Amino acid sequence: MSVNRPFTRAQRTTIVSGMLAFVVIIVVLQLYLLTATMNAYLGGDESLVWPAAAASLVCLLLNAGLLRYLYKIERTRQ
Amino acid sequence: MSSEDGRDRVDVRIDSPAREGLTGTTPANVYGPLHDPEQVTIAPDGRPMHAQPAWRTDFPIDWPQDHYVERREFMKFMVLTSLAFTVGQFWIAAQNWWRRRRGALPIVPVASVADVPVGGTLLFSYPTEHDPCVLIRTAERTFIAYSQKCTHLSCAVVPHVEAGVIRCPCHDGLFELASGRPLAGPPRRPLSRVRLAFNGDQILASGVEERTV
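Chain order of the listed sequences is X and Z.
Here our numbering is used: position 77 in the first sequence is 556, and no number is missing along the way.
Here our numbering is used: position 48 in the second sequence is 448, and no number is missing along the way.
Heads up, some of the hints might be wrong.
[Said to hold, decoys possible] Label pairs and their calculated CB-CB ranges:
1. X:541 with Z:529: 17 to 25 Å
2. X:521 with Z:448: 56 to 64 Å
3. Z:586 with X:524: 15 to 23 Å
4. X:487 with Z:554: 18 to 26 Å
5. Z:451 with X:504: 34 to 42 Å
6. X:507 with Z:515: 45 to 53 Å
7. Z:609 with X:507: 26 to 34 Å
[To be verified] Selected chain Z positions facing chain X (Cβ under 10 Å, derived; list incomplete):
8. 445
9. 449
10. 474
11. 482
12. 485
13. 493
14. 496
15. 499
16. 590
17. 606
18. 612
19. 613
Simulated from the structure, these hints should not be mistaken for lab results.
Fair warning: this is a prediction, and the values are worked out from it, not measured in the lab.
Every residue, glycine too, gets a C-beta built ideally from N, C-alpha and C.
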């Protein structure tokens, strides 16, 4: 049987630090995607415009999901 | 409850119903603590509060809470940055859609062969008046044309036919005259090449070829 206990503040700090590391890595990836796509677009290469936009959207959803989880554990604290 | 002398006496038991509401008699476990038990002040250097300077004792800051909140706020900022990058990606996609929708560029006369001497250049605009281009005659029957916008920051490039290069004066970017490829300086992409066609003595611009390498 699992016990659904709220996280302590120390645990939440650890969690938010870990999530922040993920988010920063994803944002750096998005920055790389944006510059690479812009370079390709200005060079007339249209093949990666939409795949890059889709990948960036997936990254955003991932980041938004992590932020949503953070708010969720904030709400469940005592 | 009355004593032998007839006076009321207070029940000494702390949880007696008769004591309810009396000042100072409420059991300690009735109310919760005034502060979150986790709200503890720990100075950044980790020393106890009595070893801290007076200003820190007077204005204590809950540093662990501060660390948590600043990470949370930074994460929100990063997610907003992520949103901005995604918007940028879709803006590029929209621009790309708009460019494809525009279709083929018009074929317009640029000059006649006699207008450009061998080793000479001629400036023109194509496809719109805001797109400056340069036509270069490198040999008797060889013409090449490039967009005059440097691929670094869109400064106007200047051809040096005798040296075989096109130079950007802003940041000393150099392009190869024959191909438009970057040779030195900050530009990473070749100059956009203007496709040329000939109709008798007329030189026509028929399209723009953008390249990544």
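So, going through the hints one by one against the coordinates:
1. X:541 with Z:529: 17 to 25 Å: violated, 45 Å
2. X:521 with Z:448: 56 to 64 Å: Hint holds: Cβ distance 60 Å, inside 56 to 64 Å.
3. Z:586 with X:524: 15 to 23 Å: holds, 20 Å
4. X:487 with Z:554: 18 to 26 Å: With Cβ atoms ~55 Å apart, the hint is violated.
5. Z:451 with X:504: 34 to 42 Å: Taking Cβ atoms as reference, residue 451 of chain Z and residue 504 of chain X lie about 39 Å apart, which means the hint holds.
6. X:507 with Z:515: 45 to 53 Å: Since residue 507 of chain X and residue 515 of chain Z have Cβ atoms about 51 Å apart, the given range 45 to 53 Å holds.
7. Z:609 with X:507: 26 to 34 Å: With a Cβ separation near 33 Å, residue 609 of chain Z and residue 507 of chain X satisfy 26 to 34 Å, so the hint holds.
8. 445: violated, 18 Å
9. 449: violated, 19 Å
10. 474: holds, 6 Å
11. 482: holds, 5 Å
12. 485: For residue 485 of chain Z, the interface hint holds, since the closest Cβ of chain X sits about 4 Å away, which is under 10 Å.
13. 493: At 5 Å from the nearest chain X Cβ, residue 493 of chain Z passes the 10 Å test, so the hint holds.
14. 496: Cβ of residue 496 of chain Z sits 5 Å from chain X, so the hint holds.
15. 499: holds, 8 Å
16. 590: holds, 8 Å
17. 606: violated, 16 Å
18. 612: holds, 3 Å
19. 613: holds, 8 Å
Hints 1, 4, 8, 9, 17 from the list above are not met by this structure, while the remaining hints are.
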